[in-house]
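Colleague: Protein chains in written order, with my numbering: chain U, 1 to 433; chain P, 434 to 866.
The set of hints was computed from the structure by calculation and includes no laboratory data.
Just so it is clear, the structure is predicted and the values come from calculations on it, not from any experiment.
Idealized CB from N, CA, C, for every residue including glycine.
Among the hints, a few may not be true.
DSS-like, lysine-lysine: derived pairs with alpha carbons at most 25 angstroms apart [stated by the list, open to error]: (1) 109/U / 542/P; (2) 542/P / 479/P; (3) 822/P / 392/U; (4) 479/P / 109/U; (5) 389/U / 332/U; (6) 542/P / 389/U.
Pulled a few chain P residues facing chain U out of the computed Cβ check, cut under 7 angstroms [claimed, not checked]: (7) 434; (8) 452; (9) 466; (10) 606; (11) 630; (12) 633; (13) 715; (14) 827; (15) 863.
One-letter residues, chain by chain:
There are 2 protein chains.
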Amino acid sequence: MENRTYTADAEPGETVTVAGWVHEVRDLGGIAFLILRDTTGQIQVKFEKDEMDDELVETGLNVARESVITVSGDVEEEPRAPTGVEVTPETVEVLSEADTELPLDPTGKVDAELSTRLDNRTLDLRSEEGQAIFEIRAEVLRAVREAFRDANATEINTSKIVATGTEGGTELFPITYFGEEAFMNQSPQLFKQLVAGSNIERVFEIGPIFRAEEHNTPRHLNEATSIDFEGAFCDHTDAMDVCEQVVTAAYEAVAENCTDQLEALGITEEFEVPETPFPRLSYEEAIERINATGELDEQLVWGDDLPTEGEKALGDDVGGHYFITDWPAEIKPFYIMDHEDGELSTGFDMMHPRMELVSGGQREHRREELIAGFEQQGLEPEAFEYYTKMFKYGMPPHAGWGLGGERLLMTMLDLDNIREAVLFPRDRQRLSP
Amino acid sequence: MENRTYTADAEPGETVTVAGWVHEVRDLGGIAFLILRDTTGQIQVKFEKDEMDDELVETGLNVARESVITVSGDVEEEPRAPTGVEVTPETVEVLSEADTELPLDPTGKVDAELSTRLDNRTLDLRSEEGQAIFEIRAEVLRAVREAFRDANATEINTSKIVATGTEGGTELFPITYFGEEAFMNQSPQLFKQLVAGSNIERVFEIGPIFRAEEHNTPRHLNEATSIDFEGAFCDHTDAMDVCEQVVTAAYEAVAENCTDQLEALGITEEFEVPETPFPRLSYEEAIERINATGELDEQLVWGDDLPTEGEKALGDDVGGHYFITDWPAEIKPFYIMDHEDGELSTGFDMMHPRMELVSGGQREHRREELIAGFEQQGLEPEAFEYYTKMFKYGMPPHAGWGLGGERLLMTMLDLDNIREAVLFPRDRQRLSP
Numbered sequence: 001m002e003n004r005t006y007t008a009d010a011e012p013g014e015t016v017t018v019a020g021w022v023h024e025v026r027d028l029g030g031i032a033f034l035i036l037r038d039t040t041g042q043i044q045v046k047f048e049k050d051e052m053d054d055e056l057v058e059t060g061l062n063v064a065r066e067s068v069i070t071v072s073g074d075v076e077e078e079p080r081a082p083t084g085v086e087v088t089p090e091t092v093e094v095l096s097e098a099d100t101e102l103p104l105d106p107t108g109k110v111d112a113e114l115s116t117r118l119d120n121r122t123l124d125l126r127s128e129e130g131q132a133i134f135e136i137r138a139e140v141l142r143a144v145r146e147a148f149r150d151a152n153a154t155e156i157n158t159s160k161i162v163a164t165g166t167e168g169g170t171e172l173f174p175i176t177y178f179g180e181e182a183f184m185n186q187s188p189q190l191f192k193q194l195v196a197g198s199n200i201e202r203v204f205e206i207g208p209i210f211r212a213e214e215h216n217t218p219r220h221l222n223e224a225t226s227i228d229f230e231g232a233f234c235d236h237t238d239a240m241d242v243c244e245q246v247v248t249a250a251y252e253a254v255a256e257n258c259t260d261q262l263e264a265l266g267i268t269e270e271f272e273v274p275e276t277p278f279p280r281l282s283y284e285e286a287i288e289r290i291n292a293t294g295e296l297d298e299q300l301v302w303g304d305d306l307p308t309e310g311e312k313a314l315g316d317d318v319g320g321h322y323f324i325t326d327w328p329a330e331i332k333p334f335y336i337m338d339h340e341d342g343e344l345s346t347g348f349d350m351m352h353p354r355m356e357l358v359s360g361g362q363r364e365h366r367r368e369e370l371i372a373g374f375e376q377q378g379l380e381p382e383a384f385e386y387y388t389k390m391f392k393y394g395m396p397p398h399a400g401w402g403l404g405g406e407r408l409l410m411t412m413l414d415l416d417n418i419r420e421a422v423l424f425p426r427d428r429q430r431l432s433p
Numbered sequence: 434m435e436n437r438t439y440t441a442d443a444e445p446g447e448t449v450t451v452a453g454w455v456h457e458v459r460d461l462g463g464i465a466f467l468i469l470r471d472t473t474g475q476i477q478v479k480f481e482k483d484e485m486d487d488e489l490v491e492t493g494l495n496v497a498r499e500s501v502i503t504v505s506g507d508v509e510e511e512p513r514a515p516t517g518v519e520v521t522p523e524t525v526e527v528l529s530e531a532d533t534e535l536p537l538d539p540t541g542k543v544d545a546e547l548s549t550r551l552d553n554r555t556l557d558l559r560s561e562e563g564q565a566i567f568e569i570r571a572e573v574l575r576a577v578r579e580a581f582r583d584a585n586a587t588e589i590n591t592s593k594i595v596a597t598g599t600e601g602g603t604e605l606f607p608i609t610y611f612g613e614e615a616f617m618n619q620s621p622q623l624f625k626q627l628v629a630g631s632n633i634e635r636v637f638e639i640g641p642i643f644r645a646e647e648h649n650t651p652r653h654l655n656e657a658t659s660i661d662f663e664g665a666f667c668d669h670t671d672a673m674d675v676c677e678q679v680v681t682a683a684y685e686a687v688a689e690n691c692t693d694q695l696e697a698l699g700i701t702e703e704f705e706v707p708e709t710p711f712p713r714l715s716y717e718e719a720i721e722r723i724n725a726t727g728e729l730d731e732q733l734v735w736g737d738d739l740p741t742e743g744e745k746a747l748g749d750d751v752g753g754h755y756f757i758t759d760w761p762a763e764i765k766p767f768y769i770m771d772h773e774d775g776e777l778s779t780g781f782d783m784m785h786p787r788m789e790l791v792s793g794g795q796r797e798h799r800r801e802e803l804i805a806g807f808e809q810q811g812l813e814p815e816a817f818e819y820y821t822k823m824f825k826y827g828m829p830p831h832a833g834w835g836l837g838g839e840r841l842l843m844t845m846l847d848l849d850n851i852r853e854a855v856l857f858p859r860d861r862q863r864l865s866p
C-alpha cells in the first residue's frame, strides 16, 4: 500500500493514512473513539458526531470489530488517548468487513481454549501475546543462526523424504514415493554427519522433523523444528560448548531485541539470560542428587533411565540449564561413541529445569564399530549403506547435537503447552489448519 | 579438538597442530610432501627422509589419500609451497584411515558423473567447487533473511504435513498419518496467507516443499526449498518490489562475502549483481517480443501459456532478470486476484533468462470470490474451510510470492543441473542418500 503509515510512526502534526483492524469502538454519545490496530500497535480515531460528515461517522462507528479499514486524517496530540495521539479522520474506507460474531476475542479480554485458538490462528495471532510469541520465535532463530556462524558452522538443508529412518522403523510416518515406500525424516542425524565428513566440517540445520509418536502431551509434537549441529574434529565437550553458546545467544538476543514482546507476555521481570558455563553433571551425580531429593518413591539405581519426575526433581535442585554427561552406554543410541572404558557413553543431554532440550554426543566414526551397532540394534546395515559407505573414505571424529526448537521457546517463555510455540501444530488429533 | 589450528591460520614461527585430510602425497626421493586439507584450505607438510624419524616418515607417506590425520610441528616460510608456508612435522597421527580406492577424486583432477558425486556426497564435497556451492547457498539464505527483515517481514515455519493440498490432489505425496490420509505440503501458500491476516502482517518462510511431479529434468526437484513471502496491505507491485530487493540482496552478499568461493567456481569475472529495477513486461509485451525474435515455429497468440523455448528466447532478448505481469486471468491460479476488468490477473512471474524463478501476485481476499474459485477449480470448498473461514474475520488485501531456492542458486552460479545446488536431491530415481 502506497503512503501507509504504521500506527507507531504517526506523529502529531502529520497527515497520515493508517490501515489495520478495528480493535474496538467506544461510543460516548456526542463523541466516539475507534481504536485501529496494526502490526506496530494501536491508534485512536476520534469521531465528533455533530461536527463531522454523517456518512463518515456512520462508516466508522458501524463497522464490525476486526474489520479491516484505512483511515486518513490529521494526527494530533491527545494525552488521554492510549498512545498519546489521535487521528481526526477525513476519510474512512472499509477494505474487508468482519462477521459480527467472532470465535474468539483477539483483544484478550475473554480467554479462549487452546483448541479454539489453534482452529482460528489468524484471529488468535491478532492478540499481543500471540504476535509476541512468534516475533520472539523469529528472533530466536535469527540469533541461533548467528551464533552458529560465529562457531564457524555452515547452514545446510537436508532431505525430509528418506528411504530409511535414523533409528529404525518405529515412529516413522510412511510416504508413498512414486510407488516406493519412503518415510518422513525423524532427524537429520545421518545427513549432517555425512556433510560434517566433507570439507564443510561444521554444519547446522534448522528444519522440520516428523515423529509418529503416540504421546499426546503438552510437550510433544508430531512435527517439530529441530535445531541441529554437527562438527568434524569436535568431541562431546566441544559440542557442549557450542550448545551453551547457541542457547545463551538466543536468550541474549531476546533480552536485547524483544523488550516489547516480553512486556506483552508479562514476563519482563522473570526473563533471565542463563549463566554460563552450564553445570555438567555426570549421570552418576544426577541419580545421586535425584535420590537425595527424596521426591521419588523408589530410589534410582545405576543403569536406570531418568524418569520425568526425576528430571523435574533434579531441575528444581539445579535451578537452571545443565548438562547430564557420561550416561551408561546402553541407554544411548548406537551411533554415539563410548568412552574408552566401553561402559560410559560420550552422549549428553542438556536440560532445562522443566524438561530435556538437547541430546548429543561424539559420534562413532569407526566404520566397523558403527556397522556392529546397527546389527546390535536389529537394523540391517545394508539399508544404511549410503551412509556407512562414506565412513570408508576418511570420516573424521565428529560430534553434535539436536535441540528442540519449540521446547527452547516453551521453556524460555514459560508457555504451558508446546503448541503455543507452533503456528499450526500437528498432533494425534490435529491435522488442520 | 583442543589446540587445533586451521591451515589458513598457520603462521610462520608458530608451532601448530593441524588436522584434516590427506589431499595428496608427492614423494621426490629424499624429500616428500604431504598436502593436508581442511575446511579453510591446504598446507604443505615436509618429510626429509634422512633427517627424520623413520616411523614418522612412514606414517606420513604411507597413509592413503583422504585419510584423516593430525600433524604437529613448526610452521616455516617456504615460497615454493602452495600457500607460502610449510610444516615440519614432529608427530603425525592417523585418526581415520581411508580405503585406497575412492569412488571419485575430490581433488577434481578426474571428472566424475553427477550420479557418482551424489552417491558419494561426503567425498564430493571435499572438492573446492562442492564446498563453494554450499557455502554460497548458506550465505544466500543469510542475506535473503536479512533482506526480509529489512522489509519488516517476520520469519515463520508452517506445517509440512497437511490434510489438503494447496492446488488440489495431483502432484501430492500421500502420507499415512495415524491411519488418516494426509499429504506433504506442496507450498506454504495457504498458511502464509493465514498468518499475513494476523497482526504479524508480513511473513517469510524458507522451507522444504514436496511435489510429486513426474518431470525428471535438470531443473526439477521433487523436494525443493521454497523462499516465500506474504504481506498484508501489499499489492502485486509491493510484492514485486520486495522480490527485487531480496534477490538483489542475495547477489550483493555473495559478491561481497564469497569471493573465494566464486574463485573456486571460476566465475569471478562473470558474476554480476543484477541491476534494479528489473524490467516489468506485461504478458502482452512478452508474447509480442517472443514472436518478434522469430525463435518459435508458431507465433504465440493472446491466451497461450509461454512455452519453455519462448521463455528462453525472451530471456536472451531481455538479458537479465525481469517480471512478466498482467497475465490472462485464466492462466493464473484461482487464489490470485484479478485486475478490475476481470480479464487480467495481478499474478506475476519473475524470470531469469534461463528459467522462471518466482511466481506471485495479489491474493483474493474476498471470501465469496475465493470460494467460487475453489468450485471453479473442481475443489471442494468444505475441505478448505479451515482456510476460507478466516476470511470471515477481516482478511486484509495481501500479496506475496514464492521463489525456488535451488533455481536461484542454479542461475546465480550457472550450474548445469539443479541437483548440484542440493545436498541430497530427491527425484524419480533418487531416494538416498
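Colleague: Would the hint linking residue 479/P and residue 109/U be met if the CA-CA limit is 25 angstroms?
Modeller: Violated, because 75 angstroms separates the two Cα atoms, which is more than 25 angstroms.
Colleague: Can we keep the residue 863/P interface hint, with Cβ of chain U closer than 7 angstroms?
Modeller: 9 angstroms, violated
Colleague: Hey, does the residue 466/P contact hint survive, CB to chain U under 7 angstroms?
Modeller: Violated, because the Cβ-Cβ distance from residue 466/P to chain U comes to roughly 19 angstroms (cut-off 7 angstroms).
Colleague: For the pair we were handed, residue 542/P and residue 389/U, check the Cα-Cα distance against 25 angstroms.
Modeller: 22 angstroms, holds
Colleague: Identify whether the interface hint at residue 715/P stands, where standing means a beta carbon of chain U within less than 7 angstroms of its own.
Modeller: Check failed: Cβ of residue 715/P comes no nearer than 20 angstroms to chain U, outside 7 angstroms.
Colleague: Would you mind confirming whether the straight-line C-alpha gap from residue 822/P to residue 392/U stays at or under 25 angstroms?
Modeller: 55 angstroms, violated
Colleague: For the hint on residue 434/P, does the least C-beta distance to chain U fall short of 7 angstroms?
Modeller: Holds, about 4 angstroms.
Colleague: Verify the proposed pairing of residue 542/P with residue 479/P, using a straight-line Cα cut of 25 angstroms.
Modeller: 23 angstroms, holds
Colleague: Could you grab the alpha-carbon distance between residue 389/U and residue 332/U and see if it respects the 25 angstroms cut-off?
Modeller: 23 angstroms, holds
Colleague: Taking 7 angstroms as the limit, does the beta-carbon of residue 633/P come near enough to a beta-carbon in chain U?
Modeller: Result: holds, 6 angstroms to nearest chain U Cβ.
Colleague: Going by Cβ atoms only, is residue 452/P closer than 7 angstroms to chain U?
Modeller: 5 angstroms, holds
Colleague: Please check whether residue 606/P passes as an interface residue: C-beta within 7 angstroms of a C-beta belonging to chain U.
Modeller: 5 angstroms, holds
The structure fails to meet hints 1, 3, 4, 9, 13 and 15 from the earlier list, while all remaining hints are met.
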